[in-house]
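The listed protein sequences correspond, in order, to chains S and V. Each residue of the first sequence is one higher than the last, beginning at 6 in this note's numbering. Each residue of the second sequence is one higher than the last, beginning at 6 in this note's numbering.
Mixed in with the good hints, there may be bad ones.
Copies of one chain are not kept apart here, so a pair can be met inside one copy or by any two copies together.
Unchecked claim - Listed below are the simulated DSBU-like cross-link pairs for lysine-lysine, each with C-alpha atoms no more than 30 Å apart in a straight line:
id: 1; residue 1: K337; residue 2: K442
id: 2; residue 1: K223; residue 2: K442
id: 3; residue 1: K60; residue 2: K337
id: 4; residue 1: K223; residue 2: K372
To be clear, the hints were calculated from the coordinates, so they are not data collected in a lab.
Number of protein chains: 2
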Amino acid sequence: MALPSFTDDFPGWYQEVVRQADLAENSLVRGTMVIKPAGYAMWEAIRDALDVRFKETGHQNLYFPMFIPLRLLEREKEHVEGFAPEFAMVTHAGGEELAEPLVVRPTSETIIWDTYAKWVQSYRDLPLLYNQWANVVRWELRPRLFLRTTEFLWQEGHTAHETEEEAWEEARRMLEAYRQVAEDVMAMPVFLGRKTPAERFPGAVETFTIEALMRDRKALQAGTSHYLGQNFAKAYGVQYLGRDGEQHFAEATSWGASTRLVGGLIMAHGDEKGLRLPPRVAPIQVVVVPIFRNDEERARVLGETQRLAETWRAAGLRVKADDRDDLRPGYKFADWELRGVPVRVEIGPRDLDASQVTIVRRDTGAKSEVGLDAVAATLTGLQDEIQRALFDDALAFRDAHTTRVRSYDELRDAIEDPGGFVIGGWCGDAVCEAKVKAETKATIRFLPFEPEPADGPCVVCAQAAVDTAAWAIAY
Amino acid sequence: MALPSFTDDFPGWYQEVVRQADLAENSLVRGTMVIKPAGYAMWEAIRDALDVRFKETGHQNLYFPMFIPLRLLEREKEHVEGFAPEFAMVTHAGGEELAEPLVVRPTSETIIWDTYAKWVQSYRDLPLLYNQWANVVRWELRPRLFLRTTEFLWQEGHTAHETEEEAWEEARRMLEAYRQVAEDVMAMPVFLGRKTPAERFPGAVETFTIEALMRDRKALQAGTSHYLGQNFAKAYGVQYLGRDGEQHFAEATSWGASTRLVGGLIMAHGDEKGLRLPPRVAPIQVVVVPIFRNDEERARVLGETQRLAETWRAAGLRVKADDRDDLRPGYKFADWELRGVPVRVEIGPRDLDASQVTIVRRDTGAKSEVGLDAVAATLTGLQDEIQRALFDDALAFRDAHTTRVRSYDELRDAIEDPGGFVIGGWCGDAVCEAKVKAETKATIRFLPFEPEPADGPCVVCAQAAVDTAAWAIAY
Chain S
6 MALPSFTDDF PGWYQEVVRQ ADLAENSLVR GTMVIKPAGY AMWEAIRDAL DVRFKETGHQ
66 NLYFPMFIPL RLLEREKEHV EGFAPEFAMV THAGGEELAE PLVVRPTSET IIWDTYAKWV
126 QSYRDLPLLY NQWANVVRWE LRPRLFLRTT EFLWQEGHTA HETEEEAWEE ARRMLEAYRQ
186 VAEDVMAMPV FLGRKTPAER FPGAVETFTI EALMRDRKAL QAGTSHYLGQ NFAKAYGVQY
246 LGRDGEQHFA EATSWGASTR LVGGLIMAHG DEKGLRLPPR VAPIQVVVVP IFRNDEERAR
306 VLGETQRLAE TWRAAGLRVK ADDRDDLRPG YKFADWELRG VPVRVEIGPR DLDASQVTIV
366 RRDTGAKSEV GLDAVAATLT GLQDEIQRAL FDDALAFRDA HTTRVRSYDE LRDAIEDPGG
426 FVIGGWCGDA VCEAKVKAET KATIRFLPFE PEPADGPCVV CAQAAVDTAA WAIAY
Chain V
6 MALPSFTDDF PGWYQEVVRQ ADLAENSLVR GTMVIKPAGY AMWEAIRDAL DVRFKETGHQ
66 NLYFPMFIPL RLLEREKEHV EGFAPEFAMV THAGGEELAE PLVVRPTSET IIWDTYAKWV
126 QSYRDLPLLY NQWANVVRWE LRPRLFLRTT EFLWQEGHTA HETEEEAWEE ARRMLEAYRQ
186 VAEDVMAMPV FLGRKTPAER FPGAVETFTI EALMRDRKAL QAGTSHYLGQ NFAKAYGVQY
246 LGRDGEQHFA EATSWGASTR LVGGLIMAHG DEKGLRLPPR VAPIQVVVVP IFRNDEERAR
306 VLGETQRLAE TWRAAGLRVK ADDRDDLRPG YKFADWELRG VPVRVEIGPR DLDASQVTIV
366 RRDTGAKSEV GLDAVAATLT GLQDEIQRAL FDDALAFRDA HTTRVRSYDE LRDAIEDPGG
426 FVIGGWCGDA VCEAKVKAET KATIRFLPFE PEPADGPCVV CAQAAVDTAA WAIAY
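In isolation and in its complexed conformation, chain S is listed as follows (with noise of 0.2 Å):
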């Protein structure tokens, strides 16, 4: 069925390639998801990538338990209030009424810093560099499939420290990571940069975050790594003797990333056709579809198009043959197309008897005929060419929807058009902040590393900027 437009209706388009690509469809409770397979295969892509990348910079996987008792969650005030109206409460159990309501985890810092005052005494016990996969949930009135769902998959990093330099660095290291997936795996060009204290995590002392651009011109924050400072080990008593024989409170760090990812892999790499995967995530990089009029063809081109697919899973790649016999291969094409499979190749008795297969790819389009001894090897070097070309398309769209603003009159035009990120000075001041986010729905997505007084004043008052900052209508 022909998608809605991807130009004039992009959420319709989200939504029906989502529904038609059979990625995710929505569950009976209000914002539950089924990720079916082969968006799961998407996320298990990503999931291997980011754990890969916490296990090589030291980092051990742990589980805690996903009820939490209110009280506890209470003890960070910060935290509570920012988490309070998504709760989800488990009142009841085993058949009678619980004592005390128990929390479904929106997150899990109050319980992991509860459990780390037990777990640390000296600065022997320091650095705790853990990590945890896990499902939450955050009660949600606007859910959005993979974007916003009352219950999702993530993962969720949870460090302390002796000192705040360290966790200043392994904030920052872990933002690393989720750049390093994001680009060079999903091949989403991302913005690294600070939340302002409006966009920060509850209870943190900064939020780090990487920021990508979906093809509507909209921002999607795709990971955050928070520096939580002393905050989380006040509240709940993590102190540790010091080198220096006093006692210390320990320095917190967190870090979150989740299936919200698969919804920036579909909006980063979309077409009028359906998906574009990047090769290192595509859970099928090529499809093999076998060409015939009648039973003698058939014969002849199946058996062909199983041993040569052998042959390329031998060669290191995700081969899928296509097979179904009530299916025409024009129909397989669109099929495969909207799944977003990097490389087609079509197999027919035309090409068996010159020796030789037709490639197409994806992402342009382009087709051309590959003598069968050098298939393999063509294949191979797709997939590196492909996954390059998706993250310098998306470069050049980001480039095109980024644009520097001196005054408030051109951040409003440049916000409408040509939209994506818009940046200019800010005086630093909330106000400021708010004004533009109810007038034009951008927000601040982040502020540079270091504060940047811009070249000029701030966009909003006139007065004079203390930062630089990239506004965005936003996921």
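Based on the hints, put chain V in the right spot on chain S.
Same frame as chain S, but now just chain V:
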């Protein structure tokens, strides 16, 4: 700290090993646990071994929400009756009382089959071969770390098929996958068989099981696979247009294995000194302990330790160099023995003078000196050898604790001594089954796949035996 006696106080030994080896600990909410990094790494190894076998047999992963509306669960009567006493229920969310309580999944047949009704229209949509990795909640009155916890991690496979035969084959195929992981990866021999009606999964037509023997002579159900017939298809309306042009209900299986397997690993192989980990699941396969008496020796030995550890890592081994300065070698030896690392390498100045190291096996305590040139090959060979030796040792233990009996007196005696599995004729009557349970605490752990009238009468009532039952006291 010394462990409680492995032979006289096995429960105390288990609890202390879990604590001292940093595998897990109780969390705030009754029955919930924190899985610590060392325990989680064991779970990751088991999980990966299962996941690869699921994928090899054509299954894909997906993810269903954990919240299930109560009314949905109530549609399969036998199923809901089995699980209702253990439900945890969410009654409030987003600051409001919900119109309908949500059950936190104890298992997902209901929500999955309700969704399959949308996915299955024709025989062309079958089979569905899906699995999910998830957390589940069953309120536990007598929790025990890893073995019975209120929240646990597991996988649950849920498949839909055209024919009864295909579904039976699937249920048996996945039992075989569990057997492979238990025996070939965890080095834990298991018996395979069928459950009695009293021990079946609520809603199943037939439950298959793998049953292992722990070192206290108690049995552990280590994985189950269920043939569910059309029970769930009928309750949730999953019908398909068959090849014959008629509507049919789909045939179902489900199968699950959980973090309980980590408990099995501990109890199947442990000894007085602590864990003994099979190399294939050991997060650390080789620990290197440097030995020195002064700063000069220290510099030399530590340098060589790091260099050698790196070469052994390059040979594909998971190697940890224990360079902690504040601990004596003897303490380190005991610590790594407790944690079950399969092989210890000791490196001292005299070893280096002789171009050799000392290698100590955790399973046997055997000590040998090996020239530097041969260490990598020796360590690699030892992994296979220890893997096999642990399996053989567990098998010999099980053989010594499996008894065939012909009368009730023999049954009672054998359950007492030697304990373990006691095998004898059974008339098939639940009354006899209940009597043994009430009088000896032993339950029927499994029956052969096909009924085997035993050589002798029912050991309980002396009537004709229609089957051969294996009794044991179980976790």
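Subject >> Indices of hints not satisfied (ascending) >> reply: Checked against the structure, the hints that fail are numbers 1 and 4, while the rest are satisfied.
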